[in-house]
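Protein chains in written order, with the numbering used here: chain A, 1 to 131; chain B, 132 to 262; chain C, 263 to 393; chain D, 394 to 524.
Hints listed in this document are in silico derivations from the structure and should not be mistaken for laboratory results. Be careful, since some hints might not be right.
In silico lysine-lysine, BS3-like type, Cα no more than 30 angstroms apart, as pairs [what the hints assert, rightly or not]: (1) A:K103 / C:K332; (2) B:K234 / D:K463; (3) A:K70 / C:K332; (4) D:K496 / D:K463; (5) B:K201 / B:K234; (6) A:K103 / C:K365; (7) D:K463 / B:K201; (8) C:K332 / C:K365.
Number of protein chains: 4
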Amino acid sequence: MTIPSGRTGTSRLLGYVVDTTRPDGRVSVTMTVTEEHTNRHGNLHGGLIATVLDTAMGATVSNIRGEGGKVLFSTVTLTTNFLAPMPLGTITALGRVTGGGHKTVFAEGEARAADGTLIATATGVFKRATG
Amino acid sequence: MTIPSGRTGTSRLLGYVVDTTRPDGRVSVTMTVTEEHTNRHGNLHGGLIATVLDTAMGATVSNIRGEGGKVLFSTVTLTTNFLAPMPLGTITALGRVTGGGHKTVFAEGEARAADGTLIATATGVFKRATG
Amino acid sequence: MTIPSGRTGTSRLLGYVVDTTRPDGRVSVTMTVTEEHTNRHGNLHGGLIATVLDTAMGATVSNIRGEGGKVLFSTVTLTTNFLAPMPLGTITALGRVTGGGHKTVFAEGEARAADGTLIATATGVFKRATG
Amino acid sequence: MTIPSGRTGTSRLLGYVVDTTRPDGRVSVTMTVTEEHTNRHGNLHGGLIATVLDTAMGATVSNIRGEGGKVLFSTVTLTTNFLAPMPLGTITALGRVTGGGHKTVFAEGEARAADGTLIATATGVFKRATG
Numbered sequence: 001m002t003i004p005s006g007r008t009g010t011s012r013l014l015g016y017v018v019d020t021t022r023p024d025g026r027v028s029v030t031m032t033v034t035e036e037h038t039n040r041h042g043n044l045h046g047g048l049i050a051t052v053l054d055t056a057m058g059a060t061v062s063n064i065r066g067e068g069g070k071v072l073f074s075t076v077t078l079t080t081n082f083l084a085p086m087p088l089g090t091i092t093a094l095g096r097v098t099g100g101g102h103k104t105v106f107a108e109g110e111a112r113a114a115d116g117t118l119i120a121t122a123t124g125v126f127k128r129a130t131g
Numbered sequence: 132m133t134i135p136s137g138r139t140g141t142s143r144l145l146g147y148v149v150d151t152t153r154p155d156g157r158v159s160v161t162m163t164v165t166e167e168h169t170n171r172h173g174n175l176h177g178g179l180i181a182t183v184l185d186t187a188m189g190a191t192v193s194n195i196r197g198e199g200g201k202v203l204f205s206t207v208t209l210t211t212n213f214l215a216p217m218p219l220g221t222i223t224a225l226g227r228v229t230g231g232g233h234k235t236v237f238a239e240g241e242a243r244a245a246d247g248t249l250i251a252t253a254t255g256v257f258k259r260a261t262g
Numbered sequence: 263m264t265i266p267s268g269r270t271g272t273s274r275l276l277g278y279v280v281d282t283t284r285p286d287g288r289v290s291v292t293m294t295v296t297e298e299h300t301n302r303h304g305n306l307h308g309g310l311i312a313t314v315l316d317t318a319m320g321a322t323v324s325n326i327r328g329e330g331g332k333v334l335f336s337t338v339t340l341t342t343n344f345l346a347p348m349p350l351g352t353i354t355a356l357g358r359v360t361g362g363g364h365k366t367v368f369a370e371g372e373a374r375a376a377d378g379t380l381i382a383t384a385t386g387v388f389k390r391a392t393g
Numbered sequence: 394m395t396i397p398s399g400r401t402g403t404s405r406l407l408g409y410v411v412d413t414t415r416p417d418g419r420v421s422v423t424m425t426v427t428e429e430h431t432n433r434h435g436n437l438h439g440g441l442i443a444t445v446l447d448t449a450m451g452a453t454v455s456n457i458r459g460e461g462g463k464v465l466f467s468t469v470t471l472t473t474n475f476l477a478p479m480p481l482g483t484i485t486a487l488g489r490v491t492g493g494g495h496k497t498v499f500a501e502g503e504a505r506a507a508d509g510t511l512i513a514t515a516t517g518v519f520k521r522a523t524g
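Starting from the given sequences, assemble the full structure and let the hints guide the process.
Right, here's the structure in full:
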């Protein structure tokens, strides 16, 4: 199943699409970058790069450690490294679980342009939502 | 001077306002959080918290180390710690330069809700744009 | 009370001293930097800067949130920013709790040379040890 | 060539060995963990985990981007995620270059116990030493 971009306020506003259909459970987030997403350099704003990475990583954690996405996790901390500027085009972020347990899960992510250029990497810690 | 929210694509899309009028040179970014900015928990998306922090920090660096904002800096790395969920309302991020030199500058930031609750802190490294 | 440097294997090996006597509950760690602590640049190894910061931050969290140091916390993640090289001399790291709850606590720290130069800053997440 | 543990003050003090002989240019750092390296939990101190990761990553950057190790790089920022406690035994950290250019290089690293358990991951930014 592909979660439609209308699923959350942010996904509608930014226009990204979340894909949870990968056989390995990892979740990807794809966004078409337009002038609406640019910073003062004319490239994709770093905060929005962090947003697609955070979304892909959190959804991956929820998918793999949260009973197939039923249990949500919230982000505790996120570190994003900006390796290359992202011009207009399509960016795809992909999450991966690296470790942790039931309540606290570690994940990493990478975001690439359509030509494969590595735009950013991230690591983060996610906490199981209670109640 | 307050940079109007229309200054960049991202500031228009998200609706945040950048204020560079503080006497100490630190730059703040204020955003009214609506349902358009929410994550699956119904709170402000962590990536958008990172976005206002990144913007406030980068603009502070540019303001203080970049000839009053004439020279832009790009974000090399950004670490955001999410201390409390941010519900609908007004969030304000404020940057501060902590060190570094001419080309590489270190900054930190904090984002607070209107009632003063500390929502998130961040640290980052910024690099002077060349050419 | 000042915890003697012999308290843990690492504190003995590196020779740092942990001071938990501050009225505000924040814990400082002081180390005399000798040639034993140097990297290939002849300055204090960045990993050892991270070590005194991690120690000060974790002990601060344990002191303030762990019943006066009775409950230990372990480090979940630590980000260290290296603002200036630290030559031979005395370095002091100081921790501060920034937020969080009972089990997960956020902290920051800064490390300064004897002349006040800010050598490094850090942020981290700490988890209450169970059992 | 294996750089002997006596190469720097820190490598002598901690007793780690740096191996630069891998055909892919990545550098590993191996340390036998004894009670001298323990924290208050009786496990390897997190700061020392950061130290072997920082060393492996910085040496990898220097090896691959610094003319085979002739040019040194210094650490600008380092984020370490602590996935599992490391008891007494042998830990090995391995670096990898992920991107960047001539002066600023991005790297990641992972540290594993002898049985393959992933103990910690790290990302960092490294800057070419000048002069």
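Right, here's what the structure says about each hint:
1. A:K103 / C:K332: Cα-Cα ~23 angstroms, so holds.
2. B:K234 / D:K463: With Cα atoms ~23 angstroms apart, B:K234 and D:K463 stay inside 30 angstroms; holds.
3. A:K70 / C:K332: With Cα atoms ~37 angstroms apart, A:K70 and C:K332 exceed 30 angstroms; violated.
4. D:K496 / D:K463: 14 angstroms, holds
5. B:K201 / B:K234: 14 angstroms, holds
6. A:K103 / C:K365: Holds: A:K103 and C:K365 sit about 11 angstroms apart, inside 30 angstroms.
7. D:K463 / B:K201: Violated, at about 37 angstroms.
8. C:K332 / C:K365: Holds: C:K332 and C:K365 sit about 14 angstroms apart, inside 30 angstroms.
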